[in-house]
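Q: Chain residues, written in single-letter form:
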Amino acid sequence: MGPNGFGALEGVAAVVATWMAIGVLGLLRPRDLRFVRALFVGGAATALALVAIALVALWQPAQSTTLPLGLPDLPFHLRIDALSALFLAMLGCANAPISLYSSGYFRAGEGTAPGLICFQYHAFLAAMAMVLVADDAYLFMVAWESMALASFFLVTTDHRIPEIRRAGFLYLLIAHVGATAILLCFGVLQGGRGDYTFSGMRSVALAGAWPSAGFFLALFGFGAKAGLLPLHVWLPEAHPAAPSPVSALMSGVMLKTAIYGLLRVTFDLLHLQLWWWGVIALTLGLLTALFGVVFAAVQTDMKRLLAYSSIENIGVIVAAIGLAILFQANAKPLLAGIALTAALYHALNHAFMKSLLFLATGSVLHATRERSLGKLGGLIHKMPWVAACALVGTLAIAGLPPLNGFVSEWLLLQAFLFTPSLPQSFVTMLVPLAAAALVLAVAVAAYVMVKFYGVIFLGRPRESSLANAHDAGRRERAALVVLALGCLFLGLFPVNVIGGIDRVNALLIATTVLPAGHSNWLLLAPIATGRSSYMPLIVFAVIIAVVLITIVAIRRVWHGRLRRANAWDCGYPLQTARMQDTAEGFGQPIRQVFEPFFRMQRHLPSPFDERPRYEVRVSDPFWEGIYVPIARGAERIASVAGLIQHRRIGVYLTVSFLTLIALLFFGR
Amino acid sequence: MISTTPVGFQLINLFAAILLLLAFAMLAQRRVVSLIDLFVAQGFVLALSTAVVAYTTNQPHLYQSTALTLVLKVALLPWILHRLVRKLDVRWEFEGLINIPTTMLIGIVLVVFSFNLALPISQLASTVTRSTLGIALASIMLSFLMMITRRKAIPQVIGFLSMENGLFFAATSATYGMPMVVELGVALDVLVGMLILGVFFFQIREQFDSLDLAHFENVRDQPPR
Amino acid sequence: MIEIVLVLAVPVVGATTLGALGDRPYAATINAATGLCTLLAAIALTAHVVAHGPLLALGDQFLVDPFNVFLVALTALVGFTTAVFSRGYMTIEEQRGRVTLGRLRLYHAMFQLFMFTMLLALLTNNVGILWVAMEAATLTTVLLVSLYRTPASLEAAWKYFILCGVGIAQALFGTILLYFAAEKVLGAGGGALLWTKLQSVRAGLEPTVLSLAFVFLLVGYGTKVGLVPLHNWLPDAHAEGPSPVSAVLSGLLLNVALYAVVRCKILVDGALPGAFAQNLLIGFGLLSVVVAAFLLLRQKDIKRLFAYSSIEHMGIVTFAFGIGGPIANFAGLLHMTVHSLTKSAIFFTAGHAAQKTGTHIMDDIRGLITISPIVGWGLALGALAILGMPPFGVFASEFLVLTTAMREQPWATPFLLAALGVGFAAIFSKVQPMIFGETTDARLPARPAMLPVFIHLALVLMLGLWIPPFLADWYRAAARLIG
Amino acid sequence: MTLTGLLLQILQVAIALALAPLLVGWVNQCRASLANKRPPSILLPYRTIHKLFVKDAVVAENASPMFRLAPYVVFGAMCCASAIVPSLATDVPFASAADAIALVGLFALARVFIALAAMDIGTSFGSLGARREMFIGFLAEPALLMVLFTASLISGSTSLPTIVDTLAHRELAIYPSLAFAGVAFTMISLAENARIPIDNPATHLELTMIHEAMILEYSARHLALLEWASALKLFNYSCIGIALFVPFGIAEGASGLGMLAAVPALIAKLAVGGAALALIETVSAKLRLFRAPEFLGAAFLLAVLGMLVNLLLGS
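Residue numbers (numbering that gives the first Met the number 0), protein chains in the order written: chain A, 0 to 667; chain B, 0 to 224; chain C, 0 to 482; chain D, 0 to 314.
No wet-lab data here; the hints were simulated from the structure. Virtual Cβ for every residue (Gly too), placed ideally from N, Cα, C. Keep in mind that the hints are not guaranteed to be accurate.
What the hints assert, rightly or not - Derived DEER-like restraints, expressed as beta-carbon distance ranges:
1) Cys569/A / Ala284/D: 17 to 25 Å
2) Arg201/A / Gly186/C: 22 to 30 Å
3) Arg598/A / Leu312/D: 28 to 36 Å
4) Trp410/C / Phe664/A: 17 to 25 Å
5) Arg95/C / Gly373/A: 48 to 56 Å
6) Ser198/A / Leu312/D: 45 to 53 Å
7) Leu204/D / Phe593/A: 23 to 31 Å
8) Gln591/A / Ala284/D: 15 to 23 Å
9) Arg563/A / Arg287/D: 33 to 41 Å
10) Arg598/A / Gly96/C: 32 to 40 Å
What the hints assert, rightly or not - Covered stretches of chain A (in silico footprint by chain C; criterion: 3 or more residues with CB under 8 Å from a CB of chain C, positions within the stretch not fixed):
11) 157 to 168
12) 180 to 193
13) 634 to 640
14) 654 to 665
Said to hold, decoys possible - Just a few of them, taken from the derived set where beta-carbon distance is under 7 Å, the chain C residues facing chain A:
15) Lys158
16) Ser199
17) Leu296
18) Arg297
19) Leu416
20) Leu419
21) Phe423
Using the sequences and the hints, build the whole thing.
A: Printed below as a string of structure tokens:
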């Protein structure tokens, strides 16, 4: 039990157990859809319980315990502190609606049996929760890999399609390599003492190049899971392949576990931070952000687009973390705190926004059986609920006030902006450039989201089949609304949220962003009111007020009469849905500006073409640039190694003989 | 404990030399039948040397292993081999993988190598066994080389057996024989292995209608597509 | 005492009976029963050891210490499950006319004989007897591998016989040298070949001789462990024999050979000042891991694939023992256990899959999960387990090995990282389409004998999450022994 | 915030709303006279807006609520912005509710909404305009932020009043970085307010129009709101420019008198600014759309240079 009577850990353990139990129940009657849907609702309820537990634990001192499982000298250690609690809360908040949505989403006869999906899904949840409370390397790795495994099976739910299998394989492969790197990172952190508990690692003071080795192994390993450049390639493959709730869960929560791990290792387990780590993380993050958003702009598959946008957001978060490291290493705790707060806040935001959007795409997918943006459009008429909620998500992820995306962006910019001259002069020069890059990324994100929303929901349907699209079911709607409200809340009440995040700041870098006696719950002013301040609620209120006043005024003064007519469009007589901008068309300016970064195959129709067809395929440069060469190299080495194979016995004998001679020769 | 008579260990060294000589001869020999004869000779010399060691170091159990050697390596195995050769009629070994002179040269290098490999050991060995360990090692190496260079199954087996002889010689001369139980086990294994091979050869013969190992070179590990 | 006799006697009795009436329809049952009895005897033995600690028996000729007791239990267990599995498997083979009744008799007899040699090699306290047992094991398995008498199987058996025979001959020379060194200290007679005696005086043994001896022993037994570049017999032997034989080869023979190597290492460590043995083991281990991982990419035959993966894992274990120290040794022992369990389970499933689809070529095997879900999931879980996916036990040992290596031999970790990555890619990319995907084959009516598979996997899973205290104590004690 | 503060706030917004069309009218007048045309009445914008309000709205059949909501949101965002920009007084209560970054955010909000509305009908021109607008936007927005950052680096604050206070009321100092920022800001405001050389408010030429293409489908009150909003936008930008570069005369603290006293100064500055804008528009030629990135990229670069210069020279 915890110090003041509340056993948060026991609570979390109970939640995990419940989830596993639900999963196993699902296995009992795998084909019974009604039963399985009920189970998903149960999972949602459990998630709510987790939220409550986590929020309580957030304000409590850390608690730890051990389980009677694990390796002989290394039983499973559990620990819940502010960091774990925050991410657990995130997991719960995002998961509750997603589970609710799933209960309405999964149909029978789509690849894997619903019951099996239910099991994998809840095992996935349980594994994520365990990752967040693990307090020794072994348990962490076990949970981590189980998470990867469960999500892999979820991704390959429809395993009959070769592309999906390929996506799953790529995902699991990169996840596994990343996991191995994390493992080696723990190998570094234990400092040769054979003590794999995190508490043991905290007490080790690594010398020489070891800390850097540890940090970069962690950056590599967790980057592979988070989708950091150049390990992002699995993301755009896996997310479209997976069922939408799973994509939401992976993108919204699983990527954050990687962030959690990075923070845990960097600020908690490592006893020091070096400024140049920060620089590298910052650069890497910003590159990732720009890359992700630019590629998102040219996607034509809505889930791919969202996947790339996830890469962007992860990039932003990592950049913030890098900034935090930089400041922390230069003993500027307050700024480090702001940067860290921005990172955590953005992680929270992204959990909500991206889940919301992925679920929306799920509804669209079910309503239209169509994933390609080129075949959608005008759905706002058919599915108003989804459209409304998706609008909130769109504005939020585009970083517009007064929604939540803007808050984290604002905080991060504050951190950038008040960089006092750091000892490393070129870093001081670098920071404004970084800020510029960040702002650019955010601006392009707005572009991308307008494309996303406009092409899917607005305009006229590009296919006749869209006429019989239908709005999402009741549970789906509820889930979407909850998430949308979540976005709104995070946007309007930042002070209260930051109050919670400050617990993490206090834990990791021993400082708080909000001054101790901060009473004004409206005013967000991290450093000083004179310096920078933001009151989203007021802004929101004013906009709403003005809008209402205007509407009322206009109604009063000029009886607003309104009649419908055909669209004018400069009086062009022929108007077909095909004349709207396509997704490709919308991406064109970006393609033009960032031409050098793409590998494009463009097919232009010839003037005499009977049925002219324009098509452009944009492929990831990193794929051709890094992964294909690696694969080729492996093949080459393999063929070299295979040379001694399949020859006559004489050759084998000779090989053994030479080995013997060599050993005798050098063995003396 | 070792009561050495000069005659004794001169004899042993002589036998050792002969063994080495025989090993070289086997390396050079192409006719399967005479290969078997050489093997018999080797076995015989081995038996003699064992007997001498037994006598000079008065270790009675070595007499038993002498008898064992005589029965097994002079009588039984050669008989089996001869039968095989007659049954399968493989009298001629064609040109080996490497031509004879080269093989001999390599052999000499090996001998030198194993001698100075054994040298430090010989220093600290008791007198009788001074050089024999090196020679034993050399003849093992030579048999190994022979196995490498031969193409056909039976010569390889003979090479294998003569390697066994080298080991046996090492055991007897260097350490006055392993414990009896071990030697019995070794002998048993050799015998059983030989019998199995006997059966085996007919199988191979059925399948490949020749004992040329070139038939075994069909590719198992496919190259990558 | 009596347990040891039982453990050794039961298989011999079984072998003789089966030699007599191994072609009867109930022969397979006898085989399984014998396996069961052996297992019970082994359990009794382990219980005795748990109760009274290590023991020397029959004039010091037999030794049971923490290092080999769990291997004995493991061997008996895998032998039993394999017998159970082969009961179903071989009948189908016999129905399909791939083996005659006479061959079946040979198979059963040789199987039990092989079990005997394995147990003898483990239990004996005598280096010479160990050698004899290993050689006998070679002979029995040669007959098992060549059971189908197809050209390929004959070739495999021939390769196996020659390469291992020659290798083992080197081991004998090493043994002679060992004796040569030992009798200087211990005097002539049996005592000079007993592990216990040798260990007691190992510091006094002559270094030069010992290093020479170790080289020969390593090359000799290393050939049977399948260390690169001495591994060339292994893939063929695994691929061409019947699946139960592949299972015992991977699951037992390699372990026992490695056991012999490690025993020798213990001696040498005591005698030699430097880290001679460690470096050799590390080198061989790393080489095996890397080369095998890359060779995995080229495989088309499912059993051959997993044969190479056995080489890789033996490399990992060797590497672990090379690092040395309590943790790495612990990991090595654990890995020996989980690998033999997992790998034999995989060979069971692979055998079933091959039987169902009538081919060993992986490209022709598709959609197992639709043909027979139980086999499909068995293969999937087995593959994931052998690939070191938690919560299976293989991960536990790899975790310990890698984390230790990171501190002890940092230079080696990039190679390990690459090798594990490549191995994962190679195996998983080949196994995944076999399990999932569309298939043309009809769903088979016959229910496969998958119980052994899931028993093994369950054990591996358990070892990943919880290691029984007494087992852990053995591991620790053995790790201390290995040093 | 006190009641008087609130009143003052409202007063400032009201003044902005009132002056915005006037500024547009003035600019048009200057342009006409510079082009040797007979200038239209300076009050024309007022008349236009009023005329549009009284008309009946015509809306396309497949217009969604989005389409009708957008003008109000845009208008609201612009009013909000005009409340933030310290056009008359620095210490209005609302100024602390949103700082420079939020201001840019508000502009972005308006842009996104109008672009979405343009895509709503699903006409070729609408989506075309939306795409171009967003395109201009994602280049202009960062540049604008960089300009503001330069100023806030000088004043060590992102809240506009503080910036103005620092720049205006501290003893006069030369800020070379502001020179870069000034040029950049001018280019940005040209682009953002749909002016030559990026866009031409006075044409409906399909190939070139951006802003007009988006509001093609609008009529009556919606159009009026949009026109008014864009006028406000111009006004806001001008006020930002004034606040950053010629901040003198803006009332310190918040008192009704001070604010009223600041009005003439503001009008004068706006007049000059408008004339300058008209001059620029007349002398420069409209760029091809593909050239827009270079133009705005240059602005972005200048702004960043401004920051770097500031960091280098510490001023």
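Q: Is the listed coverage of the segment 654 to 665 of chain A by chain C valid when you require three or more residues with a beta carbon under 8 Å from a beta carbon of that chain?
A: holds (count 6)
Q: Take the shortest C-beta to C-beta distance between Lys158/C and chain A; is it under 7 Å?
A: Holds. Min distance 6 Å.
Q: Under 7 Å is the threshold here; is the Cβ of Leu296/C close enough to any Cβ of chain A for the hint to stand?
A: 4 Å, holds
Q: Is the hinted range of 32 to 40 Å satisfied by the C-beta distance from Arg598/A to Gly96/C?
A: 56 Å, violated
Q: Could you check if Leu416/C really has its C-beta closer than 7 Å to a C-beta on chain A?
A: 6 Å, holds
Q: Closer than 7 Å between Cβ atoms is the bar; does Leu419/C clear it against chain A? Give me holds or violated.
A: 6 Å, holds
Q: Is 22 to 30 Å respected by the C-beta to C-beta distance linking Arg201/A and Gly186/C?
A: Violated: the Cβ-Cβ distance is about 57 Å, outside 22 to 30 Å.
Q: Take the C-beta atom of Arg563/A and the C-beta atom of Arg287/D, compute their distance, and say whether it sits inside 33 to 41 Å.
A: 37 Å, holds
Q: Are Arg95/C and Gly373/A spaced within 48 to 56 Å by their CB atoms?
A: Given about 54 Å between the Cβ atoms, the range holds.
Q: With a Cβ-Cβ cutoff of 8 Å, does the segment 180 to 193 of chain A contain at least three residues near chain C?
A: holds (count 10)
Q: For the pair Arg598/A and Leu312/D, does the Cβ-Cβ distance stay inside 28 to 36 Å?
A: Given range 28 to 36 Å: violated, Cβ gap about 42 Å.
Q: Between the beta carbons of Ser198/A and Leu312/D, is the distance compatible with 45 to 53 Å?
A: Since Ser198/A and Leu312/D have Cβ atoms about 50 Å apart, the given range 45 to 53 Å holds.
The structure is inconsistent with the numbered hints 2, 3, 10, 16, although it conforms to all the rest.
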